[in-house]
Structure formats: structure tokens, C-alpha cells
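**Student:** One letter stands for each residue in the lines below.
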Amino acid sequence: DVKVTQSSRYLVKRTGEKVFLECVQDMDHENMFWYRQDPGLGLRLIYFSYDVKMKEKGDIPEGYSVSREKKERFSLILESASTNQTSMYLCASWAERGYGYTFGSGTRLTVV
Amino acid sequence: AQSVTQPDIHITVSEGASLELRCNYSYGATPYLFWYVQSPGQGLQLLLKYFSGDTLVQGIKGFEAEFKRSQSSFNLRKPSVHWSDAAEYFCAVWLSGGSYIPTFGRGTSLIVHP
Numbered sequence: 003d004v005k006v007t008q009s010s011r012y013l014v015k016r017t018g019e020k021v022f023l024e025c026v027q028d029m030d031h032e033n034m035f036w037y038r039q040d041p042g043l044g045l046r047l048i049y050f051s052y053d054v055k056m057k058e059k060g061d062i063p064e065g066y067s068v069s070r071e072k073k074e075r076f077s078l079i080l081e082s083a084s085t086n087q088t089s090m091y092l093c094a095s096w097a098e099r100g101y102g103y104t105f106g107s108g109t110r111l112t113v114v
Numbered sequence: 004a005q006s007v008t009q010p011d012i013h014i015t016v017s018e019g020a021s022l023e024l025r026c027n028y029s030y031g032a033t034p035y036l037f038w039y040v041q042s043p044g045q046g047l048q049l050l051l052k053y054f055s056g057d058t059l060v061q062g063i064k065g066f067e068a069e070f071k072r073s074q075s076s077f078n079l080r081k082p083s084v085h086w087s088d089a090a091e092y093f094c095a096v097w098l099s100g101g102s103y104i105p106t107f108g109r110g111t112s113l114i115v116h117p
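Protein chains in written order, with the numbering used here: chain A, 3 to 114; chain B, 4 to 117.
Simulated from the structure, these hints should not be mistaken for laboratory data. A quick note: this is a predicted structure, and the numbers were derived from the prediction, not measured. Each hint should be verified, as a subset may be incorrect.
For lysine-lysine, the following DSSO-like pairs were computed, each having C-alpha atoms within a straight-line distance of at most 30 Å [to be verified]:
1) A/K5 <-> B/K64
2) A/K5 <-> B/K52
3) B/K52 <-> A/K57
Some chain B residues close to chain A (C-beta under 8 Å, calculated; not the full set) [said to hold, decoys possible]:
4) P43
5) Q45
6) V84
Beta carbons: idealized from backbone N, C-alpha and C, even for Gly.
The shape of chain B in the complex, shown without the other chains (with noise of 0.2 Å):
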């Protein structure tokens, strides 16, 4: 069955400090990939996506992923993790020519200590 894991639950990283989150899915081919950030209380908001070509793509708020089709990740990563980014972090996948519904993991929540 297609999926999408993020196996992190939460991470809990310190200001300033360097961060990676982790999304594997399972797909045949390879799918439509975004990254969603959901601050507390609010909707979700794109951070970026990955259709084809170049496999590191860069995002708003200074977030970038990297696409590995040998592992089926699609990791987000910050250099320098600022207090505002404390939020929940969605990976998503859609395959080109299915349904219009993508498959989201189940989220993972980051906290920033100052």
C-alpha cells in the first residue's frame, strides 16, 4: 500500500542549531513531493515541493529539501533553527495520474529551545 512516514513524532532541537526531518513514502514511481508547516492554531502553509529536476529545492523561511530516490526520502532541513519555527511539519505525496488527493504522514512536531 502507498504511504508516507515521518518517523519522528517530535524533535526537540536548540536555537540556532542545525535540523533535519525525515519523510519516506512508498510509491512505485516517483510521486509529487511538498513540505507543509502548520503553525499553532493555524492552517497549513507550503514550504516547498519537488516535481522533477534538480533534487535539492529550496523553500520559503529559509528551508530546503533534498529528494533521494535510492532511499525515498524527502528531508527537510534548516541550518539555523530560529524560536518562530517551533511548529508541526507535514510531509505530503501525490502520484502523477491517480486522484487529486494526496497522501499526508502523520506529522512532526518540532520544539525550539531558546
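Next comes chain A alone, as it looks inside the complex (with noise of 0.2 Å):
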């Protein structure tokens, strides 16, 4: 089976301070996300990549970068986190068309 890997569950940063989730797949998929996911607000895209060194931006960009250097790696980077990015992040990668996402376990970032 896939698996997808986000490096920490639980992370508290303080503001300001610059943080980064990291997520590794092991099937040699091209694509992988990055959504944040906030009660009441479902799941929001915030960046994506097609392979090593494409991304593309999701539906709320602002605040946040990413890093795709191998394949089987994608960074989500905050420059200055805010507390407005406490939020729970998840990593997915895509096999196929179609076949659906495999999720990561999940980071929940506290910033303080």
C-alpha cells in the first residue's frame, strides 16, 4: 500500500518563527497536496505539485510556500507563522487518475 508520511504530529511554534512540515511518499507519485483542514471549513488546497520542482498554487496560497526537490518529497513552508495558521495540515499524494488520494496522518500546528 501507499503510504504518505508527515515527519511530526504535533508541532507549537511561536509566531514569527519559521516552520516547516515535510511529507514523503513512498509509490514514486508525481502528484501531492497540502490542505489545511478547519472546523466548519472543510478541506482548503493550499498548494500542489505536478512533479519535482512544479507547484502550483491552491485555493488559500497566501502566508505559505512549498519545496519540491525530489519526488517523493513536498514541504510546506510558513515564512512567518501567524496564529491565524493554527491549524491541522494534511499531506496527500495522488496514484493514478482517478484512483484518489492517499492521506498522511496528519500535523496539527499550534502557533502561539
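Using the hints, put the two chains back together into the complex; each one sits in its own frame.
**Tutor:** Pasting the structure below:
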């Protein structure tokens, strides 16, 4: 089975810190995604990537950037963390068209 | 605009009772359809998916879903709910020929009473 691993389950960071959220998948998928999940708002797409060094903005990219230097790794970067970025962050990868996402376990980030 | 609607934000059932979670979509063509489950503090896990063929699909954990083209619906069902089914359930659709990005519903929170 495809495995998507997010390196941290829980993170607590201070306002203004630069934060890296890491995601690794083990099945050579080309497509990777970052979502944030907030109560009542569902899943919102931040960024996605179709290939190495390629990135596309999702619905809410402001305050975030991404890095995809290797096919298996897709990093989400909060350049200067703010309290409104406290959320659950979910990484996913996409095998074939229509075959659905595989999600990581999520990283719950708290910015204080 | 294309959309996915899960009309129930919360559903409460008793353990052993049957369950139906609703999902409606608005697309011009038949999309690919998915149901995901999210246990507290976890990521989303794929329960089942529909691409074509038999409109009743079986998934993991004893769940099934029925695609009804005339109603643009893909409702999730389980004949007897277990306490461990308490979770958030998400419906998602993806349109063939479009982007790689599915559209998710807002989710339905299932509460199971003993």
C-alpha cells in the first residue's frame, strides 16, 4: 500500500517563526498536495505539485510556500508563522487519475 | 459552479442502528466518486470509490454506497453502526478530463450513542 508520512503529528511554534512541514510518499507518485483543515471549513487546498520543482497555488496559498526538490518529498513552509495558521495540515499524494488520494496522518500545528 | 454537498453537518445514531450519510454533487457529467473517513486526530482514509459499472459499491469496514445518476447522489450506508464508526466522513468527486484536484464536501460528523 502507498504510504504518506508526515514527519510530525503535533507542533507548537511561536509567532514569526519559520516552520517546515514535511511529507514523504513511498510510491513514486508524481502528484502531491497540501491541505489545511479547520472546523466548519472542511479541507482547503494550499498548494500542489505535479512533478519535481513544479508547484501550483491552491485556494489559500497566502502565507505559505512549498518545495519539491525530490519526487517523494513535498514540504510546506510557513515563512513567518501567525496564530491564524493554527490548524490541522494534511498531505496527500495521487496515484492515477480517478484512483483517489492517499493521505498522511496529519500535523496539528499550534502557533502561539 | 461545480459543487459537492453533504447536507448533514452532524448525525447521531445509536450503536447497532443503520446509517445513511448523504452526498449530492452538481456536475455536468458523471464524476468519479469517493467516500473518506477521518478518525479523530488522524488523516483521511479511503472507504470506497465509484468509477463506473455497478452502481452499488462495497467498501471497507462494512460500508457501501449507491450512485444514483438521476438524483446526482452518492449516499453512504452501513446496516449496523459500531461505536468505532464515530468519525468525520467526507464525500469527494473528481471529474474525468479535468484537473487532478477533487472537490470535497464539508464533511459529516457521526456520533454513535451506546
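**Student:** Each of the hints needs a verdict: does it hold here or not?
**Tutor:** Verification of the supplied hints:
1. A/K5 <-> B/K64: holds (20 Å)
2. A/K5 <-> B/K52: holds (19 Å)
3. B/K52 <-> A/K57: holds (27 Å)
4. P43: Where the cut-off is 8 Å and the nearest Cβ of chain A is about 11 Å from B/P43, the hint is violated.
5. Q45: holds (6 Å)
6. V84: violated (23 Å)
Hint compliance for this structure: hints 4, 6 are broken, all remaining hints hold.
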